[in-house]
Every structure is written in structure tokens, then in C-alpha cells.
Amino acid sequence: MEPLTSKKKVLEQKPLTFAERMYLPAIAKGMAITISHFFKKEATIRYPEVEREFSTNFRGMHSLKRDEEGKERCTACGLCALSCPAEAITMIAAERKPEEKDLYREEKYASVYEINMLRCIFCGLCEEACPKEAIYLDGPIVPADYLRKDFIYGKDKLVEQPLNK
Amino acid sequence: MTTSIFYFVATLSIIFSLMVIFAKNPVHSVLYLIVTFFTFTVHYILLNAQFLAVVNFIVYMGAIMVLFLFVLMLLNLNKDNEPLKSTLIKVVGVIAGCCLLVTLAGALKATAISDPVVLRNPNLGLVKNLGKELFGPFMLPFELCSILLLSAMVGAILLTKKEKV
Amino acid sequence: MDIAFVIEKFVLVAIIFGISLVIAMYSTYAERKVAAFLQDRLGPDRAGPFGILQPLADGLKMFMKEEIIPTNASKWLFMIGPGLAMLTACIGTAVIPWGSAITIGDRVIPLQVTDINVGILYIFGVVSLGVYGVMIGGWASNNKYSLLSAIRAASQNISYEIAMGLSIIALLLVTGSMSLKEIVEGQHGWHWNVLYQPVGFILFMVCAFAETNRAPFDLPECETELIGGYHTEYSSMKLGFYLFAEYINMFVSAAVMATLYFGGYNYPGMDWVLANTGAVIGPLIGVGVFFIKIFAFIFFFMWVRWTIPRFRYDQLMHLGWKVLIPLAIANIVVTSVVIAVIEGF
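Chains as they are written, first to last, in the UniProt record's numbering: chain A, 1 to 165; chain B, 1 to 165; chain C, 1 to 345.
None of these hints come from the bench; they were simulated from the model. Where is the CB? At the ideal position from N, CA and C, for every residue including glycine. Only true hints are included.
Just the calculated beta-carbon pair ranges, DEER-fashion:
(1) C:F10 with B:L12: 21 to 27 Å
(2) C:H188 with A:Y47: 52 to 58 Å
(3) A:I33 with C:F295: 18 to 24 Å
(4) C:V22 with A:I33: 29 to 35 Å
(5) C:I292 with A:I33: 21 to 27 Å
(6) B:K162 with C:V323: 24 to 30 Å
(7) C:F299 with A:Y47: 24 to 30 Å
(8) A:G124 with C:D314: 54 to 60 Å
(9) C:W272 with A:P15: 50 to 56 Å
(10) C:T71 with B:A152: 41 to 47 Å
(11) C:T103 with A:Y47: 53 to 59 Å
(12) C:G18 with A:K41: 34 to 40 Å
Covered stretches of chain C (chain A as the covering partner; in silico rule of three or more C-beta atoms under 8 Å from a C-beta of chain A):
(13) 38-48
(14) 306-312
Produce the entire structure from the sequences given, and follow the hints as far as they go.
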């Protein structure tokens, strides 16, 4: 049969020469390779104490941002929930009361904001959809847990800590 | 001291040799045989025959009995697949046993009248002296023995080889 | 035989036993560390600083595990197996000379439990007995994989014992004695036997690898084919005994190799050191040198294990019968001819 490509290579198996059948030179060569690795720097990162640096466009856990005065930016417009392909985001909107003026930036805010981390695929579409620059996927890796209900993150876990505290 | 040790070990050797015969399981029987050989090693040490003791230890306990055990483990002897013995074989067995008994009784009677052999050199069993004896006065019988062993080995290999057509 | 002699020997035996157990314990740790370093990893480093408490944690785990004896196993033999493996591993240390004699006051204490004049053969016998632990354990488990592994162990040990014995004969031609003490004293300073018997040493070392069931000859516990090998059915401390026995064997064979071929407690310049340090410190320095050699061999065992892949069974037998034994016989012939020529027939 005519070969389709010119990449075919016929391997010729020659019988081993006496030096090759001696084993010992080959063994010495292998041992030299392994001992050279003995002195190389180990690739391990001691995880809980040391963490590997993420790349700049890494998408981790979500955080809901505050503005310069420490007010929550989210206005509960629902665009993030709409854009989410995994339907992981739910929210309930509420109206801001006069005494809560330094807590929320707009008159409307999210009283409940939940992301189901088991559904989330970390695509970053919510980040892109947000008109108020309120949500970013800039956190660490979402930690493991035992129960499904513990993966539904509310505002207590999502909202960024105020700057001055 | 030595006499009491001798009687103790001698009793043990007799007990274990009896166990070899009476053990139902062939593997147990071989294991008892190994212990019997071990008591023989102790006897050799009591006789100040260190070389014989160690050789008995290595060759009989360490090599030959391992091969015995090896074969028995592979055979997997059970009561179910024990071959039926014909009456003829049983009769022959009884006659052979009686012959052995008569020979043993005769040998025992012969030793009773002969004087016990006293070694001129009590350190004959040490390696150096034994070697000098074997390769000095007993050179010819020693070499003949080795040729006998060699021919046995060649014969065994020849038996396992199939006849070339 | 005075009472002081008995106490002295008892203390010596206790110390050697303790040392060999501790070394076996830390060999498990060292094995994991060496493996890690050779593979650019860290190894165990959580239990204690640098993970040095790891062997204790492992031992505790072994003790706390449930002990299982299979229903169809032969109960007594199943229990004797690991004990026998451990026993034969430990008694090999009895004839190894750990150092030259220490003099305290007017009492001379030899650092060797007993110096029998067939020392090498004794070691050899103990090694050949070591296979019973594996065989009995493997057969008593009543498991086909254990049995296959036990049979492999037996045939491997018997095959390599022959080559080992032949390589020792060439050594005996050079040293002219079977007592380990005399062999070591014949290698005073730098006159190590490895310089006179390089081929014999390589043969002996390869056989030692095979006898201790270490990689690349670890066919009896070849995981890919035989599950766990002869200790498939074992659990708890009985399994621990088997694993421990392997490391003690490694320690003993490292000590034997250092004694026979690498001068034991001898080192270049030892006369000067002995003359200047006194009758207690001087011999102890020799013991230290001996242990450095042993550790170097143990490291070598591990280095080989993490470099060379396992042999196939027919390759193992081919190497043993068709390569090592003829080489060993040739070595004996060459050695005896050279000795005959030097001594002028």
C-alpha cells in the first residue's frame, strides 16, 4: 500500500551490542539522571501555608464591591442573574430607607443576593453584564464543604469588607 | 551441662520426626521436618562440628527443604485427590518396612559391642582442620563424590529434556 | 563465664537490637524522603519538624488497625510467618563486628556479640532461612496471589543464593578466613577487599538486592501482578512485621557488604586517630565510620529502587543462572590463578 504521508518511519530493531547487554553502563546513566534530580529545587508548594500566585485574569470567588465611601454598589437590577448561563444567581430587591443612605449607593438595593457555587461555572458573564461595576470574580478558590446548602453563598460571604474596618 | 542439652535436643528430634510421619497435612509434615533438621544442627554444634552444622543449616534447611515446600505448595495435596493404593503396593510397603526394621535392629546390635569412636583431635570439625583433612588424605574420595554429584545433576537435566526427534 | 561477661553481652545485644529497630524505622522515613527528592518532591514533612515523627505515626497506625485472620487461613502458620520473618532478619546482626574492642580499665569489651569461625556461612544460613517467613505466610494465607508470590520468593532466593555463595568463595580465597572479625582486621587502613574483588563485590551486591527482595528484584511483592504479594491478607502489626523485616534485612545486608568489601570499621589514617584519641573514643570513631558506610549503602539501595524498573520473571532467572553464576565461577578461577601465581605455586 502506498503510504499517505511521508512521515512513516521504519524502525529497525538491531540486536543489542555487547556493551548494551552489559546493563551496567545503562544503569549508571539512569542513576546519574536520578541523582541529578536529588539536587534540583522541588516543585512542591506547601499549600495551606503557601499559595500559588494566580494569573491576572483568574476568575475565583465572587465579591460584591463597595464604592469609595463604603456604600454597596449593587442596585439589584438583575442583569447578572439574567446573563448567568448556569442560573446560579438569585436576588430580592428592596427600597432604601432614608437612614440607610450611607449603606447603599442607589435607592434600590439587593436585600438578598445569593450565588449557588455548585451551579456557578465561573464564566465571568455577570462581571461583564454589571452596569454598576458591583460584582467581580477576584476572590480565591471556593473552598470545599460537606452540605449542599453551605454552597449557597449569601451577602454575608459575598460583600466586600468595608475599607475603614 | 552438655549431656543434659543433648538429651533435651535428642528428645525434641525424636518428637518432631514422629510428627513428620503423623502430620495429616503434607505441608505441616515438611515444616516439622525442617524443625527436625534444626535440632540436627544443634547436635552438630554440640559435637563441635561447626562447619557441618552450618552446612546442614544452609543446604538442608535453607535450600532442599525450601524446594520440598515449593513442590508441595504447588501440588495442593488434599484428601479428595489422594490416589487409591492397590493391595500389592501395601504388601510391598509392609515388607520394605520390615526389612528396614531388621536392618536397624541389626545395626543397633552391632553398635552395642563396638567401642565408641574417640576423636584424636576434638577440633576436627572446625573449617580449617576439616578442609585440610578433606583435601589431604581424603582427596580422592572427596573428588569422586563431587563427580558423582555432578553426574546426578547432568542426569536430572537429561531426564527433563525431551528427546529430539 | 563470669556474671560481668553475661551482662556485657546482654547490654551489647540490647543496644544492637535497639539500633537496628530504630534504623529500620527511620529507613521507612528515609525511603519516602529519598523517593521524594529524586522526584523533585518534598516527602513527608507534617509530623514534627521535617516530618521526623512520621515513623512513630506510621507505627501507631499499624498498632491501632484491626487484626484480620482469614477464615480459611491456617491460623498458627499465619501467625508464625511474620514472626519468623522478623526473627531471621534480626539474628543476622549477631556476628557483625561493629568496631574494634573498647578498653575500659583493664576490661576489654569486643564490639561484636560473638565471633564464630564460620561467620560468613552463618550470615548466609540466616539469609537462606529468611525465605521461610515469606513462604509460610504466603501459603497460610490461603490466597492464590499470596501463594504465587511465596513461590516466586522461594525460587528467587534459591537461585541468587548460589551466585552469592560463589562470589563469597572468591572473597574467602583472598581473605583466607571465614570469621568476620578476621576479615575486617585483614582490611586495615585502606586495604579494602573491594579493591581486590571488584567483580565479586558487584556480584554480591546484585545478589544482596535479590535476597532482600528490593527493587529491581521485588517480584514477590509486585503490585501490578500480585496485589500486595505474600502479605496481601495481612493487616495490622503482622503486616508491619513483614514491612519492618524488609528494612532490617536491608540494614543487615548493608552492614555485611560494608564488612566484607568496604573494610568495616577501618578507614585510612585510623592508626593515627587511634593513637591520639585513646582506647574508648578511638574505637567509637571506627563505629561511626562503619555506620556512615552502612548509611551510604542504604541510600544506594533506595537510589537504585527509585531508578531501575522491575525485572520480568524470566529476565530475573536468566540473569541469575546464565549471567551471575558463570561470572562468579570465572571470578573464582581468575582469583585462584592470580593467587597461585603471586604465591609461586
